[in-house]
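Undergrad: Could you build all of it, start to finish, from the sequences and the hints given here?
Take 1 as the starting number for the sequence shown in the UniProt record's numbering and just add one per residue.
Any given hint could turn out to be false.
To be verified - List time: in silico DSBU-like cross-link candidates among lysine-lysine, alpha-carbon distance up to 35 Å:
no.	residue 1	residue 2
1	45	146
2	87	143
3	87	142
4	3	203
5	3	39
6	101	203
As the list claims (entries may be wrong) - Beta-carbon label-pair distances, calculated as ranges:
no.	residue 1	residue 2	range
7	65	136	17 to 27 Å
8	198	72	29 to 39 Å
9	149	180	54 to 64 Å
10	148	219	17 to 27 Å
11	219	133	42 to 52 Å
12	190	109	18 to 28 Å
13	1	59	28 to 38 Å
No lab work stands behind these hints, which were simulated from the structure alone.
Just so you know, these numbers come straight off a predicted model, no measurement behind them.
Quick reminder that beta carbons are idealized off the backbone N, C-alpha and C, glycines included.
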Amino acid sequence: MTKVLVVDDEPQIVRALRINLTARGYQVLTAHDGASALKAAAEGKPDVVVLDLGLPDIDGTEVISGLRGWTRVPILVLSARTDSTDKVEALDAGADDYVTKPFGMDELLARLRAAVRRASNSGEEEQPVVQTASFSVDLAAKKVLKDGAEVHLTPTEWGVLEVLVRGRGRLVAQRQLLQEVWGPNYATETHYLRVYLAQLRRKLEPEPAHPRHLLTEPGMGYRFEP
Numbered sequence: 001m002t003k004v005l006v007v008d009d010e011p012q013i014v015r016a017l018r019i020n021l022t023a024r025g026y027q028v029l030t031a032h033d034g035a036s037a038l039k040a041a042a043e044g045k046p047d048v049v050v051l052d053l054g055l056p057d058i059d060g061t062e063v064i065s066g067l068r069g070w071t072r073v074p075i076l077v078l079s080a081r082t083d084s085t086d087k088v089e090a091l092d093a094g095a096d097d098y099v100t101k102p103f104g105m106d107e108l109l110a111r112l113r114a115a116v117r118r119a120s121n122s123g124e125e126e127q128p129v130v131q132t133a134s135f136s137v138d139l140a141a142k143k144v145l146k147d148g149a150e151v152h153l154t155p156t157e158w159g160v161l162e163v164l165v166r167g168r169g170r171l172v173a174q175r176q177l178l179q180e181v182w183g184p185n186y187a188t189e190t191h192y193l194r195v196y197l198a199q200l201r202r203k204l205e206p207e208p209a210h211p212r213h214l215l216t217e218p219g220m221g222y223r224f225e226p
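TA: In structure tokens form, the structure reads like this:
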């Protein structure tokens, strides 16, 4: 049974979607704000997310970014925002499709089925929280906890850590890491990596001089080992 997470703060839309989706054999989870949406996605592991952008606590694009930190679940935006800038922003953040309100139920269901089909070849089990013996990384909430306390990371430090954690166990080449965090114009600035890996090790590793989790592969790149 396909599991759908519906995120919208309008009760009548949530009710209409729940009735229509349930009648067609879908299992429906619901959330009414961004924080509960991220929690429901992490705990419920939906197969597809239908997301409104105008949420009461955080903007829907932030929810998309939070989800994309750890999962490739299809995200179908359902929003009253019709400006092309909003559409581009949502798609750039990682949404797979965009439907404007008011919407036709048949069209929405067709787009939902298409999104699920496109994702059906991806069989990897994704986990939002990666636990090590020393600290945990919450890719959905973009937080790191060590000894029960949150570790403050700069946006760049988080960017480096996120790329490594998402590729855990695999070598991430220097050029790839530089391009993903800093952009294509920084592909040769390897000294940036030495500086930021040193900062991350000081904050996260039990023994920064002898790292267990943030490893250097000399001349090639870096590897994250839980």
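Undergrad: State for each hint whether it applies.
TA: Hints, one by one, checked against the model:
1. Using a Cα cut-off of 35 Å, the hinted pair residue 45 and residue 146 holds, with the two alpha carbons roughly 25 Å apart.
2. For the hint pairing residue 87 with residue 143, the CA-to-CA distance comes to about 27 Å; that is within 35 Å, so the pair holds.
3. Annotation: proposed proximity of residue 87 to residue 142 holds, straight-line Cα distance about 24 Å (limit 35 Å).
4. With a C-alpha separation of about 38 Å, the suggested pair residue 3 and residue 203 falls outside the 35 Å cut-off, and the hint is violated.
5. Taking the CA atoms of residue 3 and residue 39, the gap is near 15 Å; set against the 35 Å cutoff, the hint holds.
6. Between residue 101 and residue 203 the CA atoms are separated by roughly 46 Å; this puts the pair beyond 35 Å, and the hint is violated.
7. About 20 Å separates the C-beta atoms of residue 65 and residue 136, a value consistent with the hinted range of 17 to 27 Å.
8. The hinted window of 29 to 39 Å between residue 198 and residue 72 holds, with their beta carbons roughly 31 Å apart.
9. Checked against the hint of 54 to 64 Å, the pair residue 149 and residue 180 fails, with Cβ atoms roughly 28 Å apart.
10. Distance hint check: the CB atoms of residue 148 and residue 219 are about 37 Å apart, inconsistent with the given range 17 to 27 Å.
11. Residue 219 and residue 133 have their C-beta atoms about 28 Å apart, which leaves the hinted 42 to 52 Å range violated.
12. Separation of residue 190 from residue 109 is about 49 Å and departs from the stated range, judged on CB atoms against 18 to 28 Å.
13. Between residue 1 and residue 59 the beta carbons are some 31 Å apart, a value that agrees with the proposed interval 28 to 38 Å.
Checked against the numbered hints given earlier, the structure breaks hints 4, 6, 9, 10, 11, 12 and satisfies all the rest.
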